[in-house]
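**Student:** Chains as they are written, first to last, in this note's numbering: chain B, 7 to 297; chain X, 7 to 297.
Check the hints yourself; a few may be wrong.
For the chain X half of the interface with chain B, some residues (derived, Cβ under 10 Å), not all of them [said to hold, decoys possible]:
1. R40
2. T43
3. G121
4. L122
5. A130
6. R135
7. V169
8. W198
9. A205
10. A281
11. E282
Stretches of chain B that chain X covers, calculated by requiring three or more beta carbons in the stretch to come under 8 Å of a beta carbon on chain X [as the list claims (entries may be wrong)]:
12. 154-163
13. 226-233
14. 239-245
Among chain B residues calculated to face chain X with C-beta under 8 Å, some are [what the hints assert, rightly or not]:
15. S34
16. L122
17. R127
18. D166
19. W199
20. D201
21. T259
Because the hints were derived from the structure by calculation, they are not lab data.
By construction, the Cβ of each residue, glycine as well, lies at the ideal position given by its N, Cα and C atoms.
2 protein chains.
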Amino acid sequence: MTALRETVTGDPVPARFSINQETVKQWSLPQLVRGCTAAGVSAVGLWREPVQGYGVAAAAALVREAGLTVTSLCRGGFLTTSDPDERKARLEDNRAAIEEAATLGAPTLVLVSGGLPPGSRDLAGARERVAEALAELGPYAAERGVRLAVEPLHPMFASDRCVVSTLAQALDLAERFPADQVGVVVDTYHLWWDDTVAAQIARAGAGGRIAAFQLADWVTPLPEGVLLGRGQLGDGAVDLRWFRERVEEAGHTGRIEVEIFNPALWDRDGDEVLAETLDRFRRHAFGPAPA
Amino acid sequence: MTALRETVTGDPVPARFSINQETVKQWSLPQLVRGCTAAGVSAVGLWREPVQGYGVAAAAALVREAGLTVTSLCRGGFLTTSDPDERKARLEDNRAAIEEAATLGAPTLVLVSGGLPPGSRDLAGARERVAEALAELGPYAAERGVRLAVEPLHPMFASDRCVVSTLAQALDLAERFPADQVGVVVDTYHLWWDDTVAAQIARAGAGGRIAAFQLADWVTPLPEGVLLGRGQLGDGAVDLRWFRERVEEAGHTGRIEVEIFNPALWDRDGDEVLAETLDRFRRHAFGPAPA
Numbered sequence: 007m008t009a010l011r012e013t014v015t016g017d018p019v020p021a022r023f024s025i026n027q028e029t030v031k032q033w034s035l036p037q038l039v040r041g042c043t044a045a046g047v048s049a050v051g052l053w054r055e056p057v058q059g060y061g062v063a064a065a066a067a068l069v070r071e072a073g074l075t076v077t078s079l080c081r082g083g084f085l086t087t088s089d090p091d092e093r094k095a096r097l098e099d100n101r102a103a104i105e106e107a108a109t110l111g112a113p114t115l116v117l118v119s120g121g122l123p124p125g126s127r128d129l130a131g132a133r134e135r136v137a138e139a140l141a142e143l144g145p146y147a148a149e150r151g152v153r154l155a156v157e158p159l160h161p162m163f164a165s166d167r168c169v170v171s172t173l174a175q176a177l178d179l180a181e182r183f184p185a186d187q188v189g190v191v192v193d194t195y196h197l198w199w200d201d202t203v204a205a206q207i208a209r210a211g212a213g214g215r216i217a218a219f220q221l222a223d224w225v226t227p228l229p230e231g232v233l234l235g236r237g238q239l240g241d242g243a244v245d246l247r248w249f250r251e252r253v254e255e256a257g258h259t260g261r262i263e264v265e266i267f268n269p270a271l272w273d274r275d276g277d278e279v280l281a282e283t284l285d286r287f288r289r290h291a292f293g294p295a296p297a
Numbered sequence: 007m008t009a010l011r012e013t014v015t016g017d018p019v020p021a022r023f024s025i026n027q028e029t030v031k032q033w034s035l036p037q038l039v040r041g042c043t044a045a046g047v048s049a050v051g052l053w054r055e056p057v058q059g060y061g062v063a064a065a066a067a068l069v070r071e072a073g074l075t076v077t078s079l080c081r082g083g084f085l086t087t088s089d090p091d092e093r094k095a096r097l098e099d100n101r102a103a104i105e106e107a108a109t110l111g112a113p114t115l116v117l118v119s120g121g122l123p124p125g126s127r128d129l130a131g132a133r134e135r136v137a138e139a140l141a142e143l144g145p146y147a148a149e150r151g152v153r154l155a156v157e158p159l160h161p162m163f164a165s166d167r168c169v170v171s172t173l174a175q176a177l178d179l180a181e182r183f184p185a186d187q188v189g190v191v192v193d194t195y196h197l198w199w200d201d202t203v204a205a206q207i208a209r210a211g212a213g214g215r216i217a218a219f220q221l222a223d224w225v226t227p228l229p230e231g232v233l234l235g236r237g238q239l240g241d242g243a244v245d246l247r248w249f250r251e252r253v254e255e256a257g258h259t260g261r262i263e264v265e266i267f268n269p270a271l272w273d274r275d276g277d278e279v280l281a282e283t284l285d286r287f288r289r290h291a292f293g294p295a296p297a
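Could you build all of it, start to finish, from the sequences and the hints given here?
**Tutor:** Following this line, the structure appears as structure tokens:
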């Protein structure tokens, strides 16, 4: 209801905003809920580990009682193994993640596919195993009101984290399944460099596949390991407004999650980071384009 | 003639091999020439800075007298600036690079396009300025027997080094010009993650656009700045044999350069690194596929 009220008072920006928990990782779950309430932020993206640490049912009650919308749960996936026992364990863990999403009322479970198995160079085979796992998990998720969202990660993660590197690949996978079972994540950090991304966003929208839209900026130099180098909105190379407009044209006018992995943000006061992030979101994803 | 003799003696591998100077950066130019001769390596890829340091004409004489083939000169490019004075200076520098390549007898000048200008988020505009520069430089190069080779760099370099991130993009650029003016570089390090790369290699071959084929392996974790993290052949995720077969199917049966930027190789004895690299080349790009 917060979202609606904000729209009515003439400021649509907070009504579109969702803060991914990892952006303010310094906060506990109760701190996150208190901080969002204080800042007028009405939606959050959650991660499994802190939710499990607090207790899934307790976390669900906490966010529900605060009136917060849960836009997504991160993350399932890591489905590329060729070892039968490991595969069984991974599927089981993903079913648990689906149940956690359902308990939290999160419509979307973000899936990071997984990298190449140790010693393997077979990208095509790894991608096919992701498809096989989606076939098993998709119906299980849809029965519980949760949609799996395949997230293409930047190609720099292809060997060790995610063999799905482009939105086209993610859609090739997702489109093998019904749209209520498998969608995709559009994340500016991972996709900004791709000159085919506008066409692929349109394709995703036309098929009803945009399950989540996430923002982070691209800044260099990348840190060692490249995982924790995402930039605050406006600090980097990504034309966030352009992305938001393309995603809206494709029919996704719902929540936009800001998900920034950056230790410099985690070292600061959470309230300050949240206020800055909302301000940057307003100016760089929505404000007037620079002259 | 070395290459021919090697083919006749039944070992085609050294006849395909070229060592890029940067792989054994610890060597001066005379050391490189001596080391190649001692190892039976008959081709080198050179870089402008060490060649200029030695003197371009002297370097050309040195490699010619040693009977070495120069497969490419690295590098021109950095053509994305929107500042008129800087653009003029960059074009001038590229014309100098073309002349250096001609002096060295290098048929190919590798071009790294350049990143986004400071503060810009306009990838499409930057790419268009690369095309404009190619239109100016292409005829100048062809008149001197040199072909410009647009190198797509891994998308992790898109903001600060190269706005051309895929082989498809490089071909979209190159194909605006005659094939004797502008070709492309196929480098496994930059392209290995791309599920469309086989089709794009075939496209490049059909159009006679493969100006250089370079090998390096992909290893993680990436170092800070991600520039110097390339892996020795066989140490990483890239199926080098698969790439070599695709490039051969596309009609390129010429030299293959090994170009690895890795300080761990530079800390070692150059002869040892060259011998290891040739051995890895034999086993991972040519040897029988593992069972």
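**Student:** Each of the hints needs a verdict: does it hold here or not?
**Tutor:** Going down the list of hints, with the structure as the test:
no.	hint	in the structure
1	R40	35 Å, violated
2	T43	34 Å, violated
3	G121	8 Å, holds
4	L122	6 Å, holds
5	A130	7 Å, holds
6	R135	15 Å, violated
7	V169	8 Å, holds
8	W198	8 Å, holds
9	A205	12 Å, violated
10	A281	24 Å, violated
11	E282	20 Å, violated
12	154-163	holds (count 3)
13	226-233	holds (count 7)
14	239-245	holds (count 4)
15	S34	29 Å, violated
16	L122	6 Å, holds
17	R127	4 Å, holds
18	D166	5 Å, holds
19	W199	4 Å, holds
20	D201	6 Å, holds
21	T259	23 Å, violated
The structure fails to meet hints 1, 2, 6, 9, 10, 11, 15, 21 from the earlier list, while all remaining hints are met.
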